[in-house]
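Protein chains in written order, with the numbering used here: chain C, 1 to 267; chain W, 268 to 594.
For the record, the hints were derived by calculation from the structure and aren't laboratory data. One or more of the hints may lead you astray.
Derived Cβ-Cβ restraints for the label pairs, each shown as a range [to be verified]:
| hint | chain 1 | residue 1 | chain 2 | residue 2 | range |
| --- | --- | --- | --- | --- | --- |
| 1 | W | L420 | C | A242 | 46 to 52 Å |
| 2 | C | P142 | W | G355 | 42 to 48 Å |
| 3 | C | F12 | W | R474 | 34 to 40 Å |
| 4 | C | R23 | W | V491 | 58 to 64 Å |
| 5 | C | D97 | W | Q305 | 43 to 49 Å |
For the chain C half of the interface with chain W, some residues (derived, Cβ under 8 Å), not all of them [to be verified]:
| hint | residue |
| --- | --- |
| 6 | Q10 |
| 7 | K13 |
| 8 | L98 |
| 9 | R100 |
| 10 | P104 |
| 11 | A110 |
| 12 | L113 |
| 13 | H139 |
| 14 | P201 |
C-beta atoms are modelled at their ideal positions from N, C-alpha and C, and glycine is treated no differently.
Spelled out from the first residue to the last, the chains are:
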Amino acid sequence: MRGLAVIYVQQFKVTMASFIQYRAALVIWLIGHVLEPLIYLVVWSTVTRSTGGSVGGFTAADFAAYFIVLMIVNHMTYTWIMYEYEYRVRQGTLSPDLLRPVHPIHSDIADNLTSKMITLPGMLAIAVSLGFIFRPVLHPVPWALAAFVPVVLLAFLVRFFVEWTLALAAFWTIRTSALNQMYYMAMLFFSGQIAPLELLPHPLRAIAFVLPFRWTIGFPTELLIGRLTPAQALTGVGMQLAWLAVGLLLMRVVWRAGLKAYTAVGA
Amino acid sequence: MATSSAVQIRDLHKTYIVPEREGGVRAALASLVRRRKQEVRAVDGISFDLSPGEIVGFLGPNGAGKTTTLKMLSGLLHPTAGELKVLGYVPWKRDRDFLRQITLVMGQRNQLVWDIPPIDSFDLNRAVYRVPPADYRRTLDELTELLELGPLLKKPVRNLSLGERMKCEMAAALLHRPQVVFLDEPTIGLDVTMQRRIRGFIAEYNRRHGATVLLTSHYMADVVALCRRVIIIHHGRLLFDGDLANLVERFTAHKTIVVALGDCGADLSSYGEVVSCTDGNVTLRVPKAETARVTGRLLADFPVMDLTVEDPPIEEVIDRVFREEHS
């Protein structure tokens, strides 16, 4: 365990040093994470105003709170691993990682966490500025505030393991962009990124409940803005833990099978 | 299997399944519906052992199966069939204790992080390989001295020249003092001076730490300088395994005689095959058994200023090995 902690510390330093080399890229990445929820926020605010002040129980101020918090949650849980793996397997850059006496997933976790640490202050500053423009109303409850941090961490882990496992499809198909695109579309719809899931018709909500997407973005967002009861929150954490277990299990199985199929092309 | 070997390979096979199709749009469309697959036997039943501390040259033309074998030895690829052990471990199981004792350096591949100075990547390797701080400092000092890394350690990797980067790659790969070192074209693309330095370094590392080294290279100078033993493969099969000297002995039917006569006037075709004549130096190719007799006749018949008898260059010998395999 101590050995792993030392590796993480070193990996943090390396990632930090690499990221800082590319400040402009960091800013562009951040802008991307802001623009998407901002577009939905503007759309829904406009819809709300034109329908007399509220849509499905959401006022303009509620939408503002929802999308600003969602923006932060998405940023905290986002991973780029699915795009990265295709490159790694195609170009064979995975090979040096496989030669090391440590599971390659650790450097990915460290990489992702470091990038979030670097960009989080910028993201929070943007959220505050958007708050002045869109005037969100949150209904924070102390227990929900306290639960938010572990819930976001769980959300990150669920998203990370699910996406890491899907990324391993690269071992078999080498080109995974199509799969990534499908995943991304499902994510957009069922995670609550386009609209709060409360606004979806019942069958779709039921599907969203079973799939992992909601538990990585929509659920932490709903928790922080105060739209969940303690029972709903507990159910949510239960679903997160269940998906974490499924993700971990799948990852182990797929990883083993993937290594067998790995042809180490190019390297 | 003998347990004292550092590397043991028995009847090793690796078959790749690769899609294949004819060129052109029609074939491309047809391949949408039905994919044709072809089996490629990259490694087709090779066996050999390496003793601890040996430096062995692993030779063969492009596509012979060298890199595939190295990848199986270092645990990157699962063999299709056969037995394989390195330091007593089965490589593809990727046991951590195994990975801590080996390294694979690929001349065209890098493990250093591109945007930061090598010293930061070294530090990461120290943590990953759990090298105790005192050992790390000692090894780093030693590598810095042997490879003259001093001025390079703090420059971002992307600002280093190819040769400088290769030296740093070498250092990164050896910081954990591996017992078994697999080198795949470590001098590719480097200038002669840098090749010589890397070569000297490999010999010195082997001498100091008694590491077993298996080396592929297209530069025969690397092989001649470093390896007493060579293993040659072609089409995934073993063609030769033995002393470099024996290889030359076995596969060369001719010797080269260079006679300095001062001019190119004389006709020497009755003494052997005249390869060239430049600046009055005539180069003759003669059957090995004839060498002594031809040399004596030349010295008796001509006012010879100088005469040398040489084996053909090693490249030529290896080329002959491959051609004989074909015929």
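Here is how each hint holds up against the structure:
Checked against the hint of 46 to 52 Å, the pair W:L420 and C:A242 passes, with Cβ atoms roughly 48 Å apart. Under the hint 42 to 48 Å, the C-beta atoms of C:P142 and W:G355, about 59 Å apart, miss the expected range. Between C:F12 and W:R474 the beta carbon distance is about 38 Å. The supplied range of 34 to 40 Å therefore holds. For the pair C:R23 and W:V491, the supplied restraint of 58 to 64 Å is violated, since their beta-carbon distance comes to about 50 Å.
Between C:D97 and W:Q305 the beta carbon distance is about 29 Å. The supplied range of 43 to 49 Å is therefore violated. For C:Q10, the shortest C-beta to C-beta distance to chain W is roughly 4 Å, which falls under 8 Å, so the interface hint holds. Interface hint status for C:K13: upheld, as the beta-carbon distance to the closest one in chain W is roughly 7 Å, under 8 Å. Among the interface hints, the one on C:L98 holds; its C-beta lies about 6 Å from the nearest C-beta in chain W, closer than the 8 Å criterion.
Restraint check, C:R100 versus chain W: the minimum CB separation of about 5 Å is within 8 Å; hint holds. Checking C:P104 against chain W: minimum C-beta separation of about 11 Å lies over 8 Å; hint violated. The interface hint given for C:A110 is violated, since its Cβ lies 10 Å from the closest Cβ of chain W, which is over the 8 Å cut-off. The criterion of a C-beta within 8 Å of any C-beta in chain W is not met by C:L113, whose closest approach is roughly 16 Å, and the hint is violated.
Given the 8 Å rule on beta carbons, the hint for C:H139 is violated: about 45 Å separates it from the nearest Cβ of chain W. Taken as an interface hint, C:P201 does not check out: its beta carbon lies about 38 Å from the nearest beta carbon of chain W, beyond 8 Å.
Against the hints set out earlier in the document, violations occur for numbers 2, 4, 5, 10, 11, 12, 13 and 14.
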